[in-house]
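One letter stands for each residue in the lines below.
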Amino acid sequence: GNSVTQMEGPVTLSEEAFLTINCTYTATGYPSLFWYVQYPGEGLQLLLKATKADDKGSNKGFEATYRKETTSFHLEKGSVQVSDSAVYFCALSPRLSSGSARQLTFGSGTQLTVLP
Amino acid sequence: EPEVTQTPSHQVTQMGQEVILRCVPISNHLYFYWYRQILGQKVEFLVSFYNNEISEKSEIFDDQFSVERPDGSNFTLKIRSTKLEDSAMYFCASGSGRSGNTIYFGEGSWLTVV
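Same order as they appear, the protein sequences are chains A and B. Just so we're aligned, residue 1401 is where the first sequence starts under this note's numbering, counting upward by one. Just so we're aligned, residue 731 is where the second sequence starts under this note's numbering, counting upward by one.
Treat the hints with care, since some could be wrong.
Pairs of lysine to any residue, SDA-like flavour, derived with a Cα cap of 25 Å [claimed, not checked]:
no., chain 1, residue 1, chain 2, residue 2
1, B, 772, A, 1441
2, B, 772, A, 1508
3, B, 772, A, 1459
4, B, 808, A, 1416
5, A, 1452, A, 1412
6, A, 1460, A, 1416
7, B, 772, A, 1416
8, A, 1452, A, 1514
9, B, 772, B, 801
10, B, 787, A, 1416
11, A, 1468, A, 1441
12, B, 772, A, 1465
13, A, 1460, B, 732
14, B, 772, A, 1429
15, B, 813, B, 775
16, B, 787, A, 1456
17, B, 787, B, 745
18, A, 1452, B, 759
19, A, 1452, B, 808
20, B, 772, A, 1412
21, B, 787, A, 1445
22, B, 772, A, 1474
23, A, 1456, B, 827
24, B, 772, A, 1516
25, B, 808, A, 1482
26, A, 1456, A, 1516
27, A, 1460, A, 1429
28, B, 772, A, 1514
29, A, 1460, B, 760
30, B, 813, A, 1460
Keep in mind the hints are simulated off the structure, nothing from the lab.
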């Protein structure tokens, strides 16, 4: 079946530090890959996505590249801010025939705390 | 930007009581979902709904759970007889089924069973 493995947290960084959160996946075929973010007390927000190999998703300074050869979708940001403190979830959605519901499979989440 | 809305944001209920969680998906979306997140744990898939019927459900989604789309806009999750272990954040989500399978989530309904 499908699975997502995320880097264990929590991760604590100083402001302006470089961030990497590792994510690897197991899936048949060519899934779509996502990063969702959950800020304290809020719901899940889509941060970025990539739908095919070598695609790079980017948003708010975050980037992740779909690497089929390593089955990875690592999240990176060059300079984190205090406001980036949140839980980050890697997820995949299988590429199925049209009409299928394409549910998401989530990783366990990585808590990021950025200190001023 | 269109969004998924959920009510209530927080509900406390006694064990054994019935609970209905409500959701208004994004209006032109065709696929609807419920997910659950027990405090500190992974977000888990419960059920997906398409074309007025359940298309997939997880093993968590047993006979105490049901979903309904009673009109053109609402999508509900009913828990018939709540248990302590049903305490969790319940997320509704919807998707168009196109363009990279993006699924959009509501802010969640926090259910506490006492």
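Next on the checklist: Next pair to validate is residue 813 of chain B with residue 1460 of chain A; report whether the Cα-Cα distance is within 25 Å.
Outcome noted: violated, 40 Å
Checklist entry - Holds or violated: residue 808 of chain B with residue 1482 of chain A, Cα cutoff 25 Å? => result violated, 38 Å
Next on the checklist: Next pair to validate is residue 787 of chain B with residue 745 of chain B; report whether the Cα-Cα distance is within 25 Å.
Outcome noted: holds, 24 Å
Next on the checklist: Just to be careful, I want the Cα atoms of residue 1452 of chain A and residue 808 of chain B compared with a cutoff of 25 Å; is the pair within it?
Outcome noted: violated, 37 Å
Item to check | Holds or violated: residue 772 of chain B to residue 1429 of chain A, with C-alpha atoms at most 25 Å apart | outcome: holds, 24 Å
Checklist entry - If you draw a straight line from the CA of residue 772 of chain B to the CA of residue 1416 of chain A, is it 25 Å or shorter? => result Answer violated: residue 772 of chain B to residue 1416 of chain A is near 28 Å, above 25 Å.
Item to check | Hint consistency between residue 772 of chain B and residue 1459 of chain A [alpha-carbon to alpha-carbon, up to 25 Å] | outcome: Given pair residue 772 of chain B, residue 1459 of chain A holds - Cα atoms ~23 Å apart, limit 25 Å.
Next on the checklist: Just to be careful, I want the Cα atoms of residue 1452 of chain A and residue 759 of chain B compared with a cutoff of 25 Å; is the pair within it?
Outcome noted: holds, 23 Å
Item to check | 25 Å Cα cutoff - pair residue 1460 of chain A, residue 1429 of chain A | outcome: violated, 29 Å
Checklist entry - Is residue 1456 of chain A within 25 Å of residue 827 of chain B, Cα to Cα? => result holds, 21 Å
Next on the checklist: What's the verdict on residue 772 of chain B and residue 1465 of chain A, does the C-alpha distance respect the 25 Å limit or exceed it?
Outcome noted: holds, 23 Å
Next on the checklist: Hinted pair, alpha-carbon criterion (25 Å max): residue 772 of chain B, residue 1412 of chain A. Please report holds or violated.
Outcome noted: The given pair, whose Cα atoms are some 20 Å apart, holds under the 25 Å limit.
Comparing the model with each earlier hint shows violations of hints 4, 5, 7, 8, 9, 10, 11, 16, 19, 24, 25, 26, 27, 29, 30; every other hint is respected.
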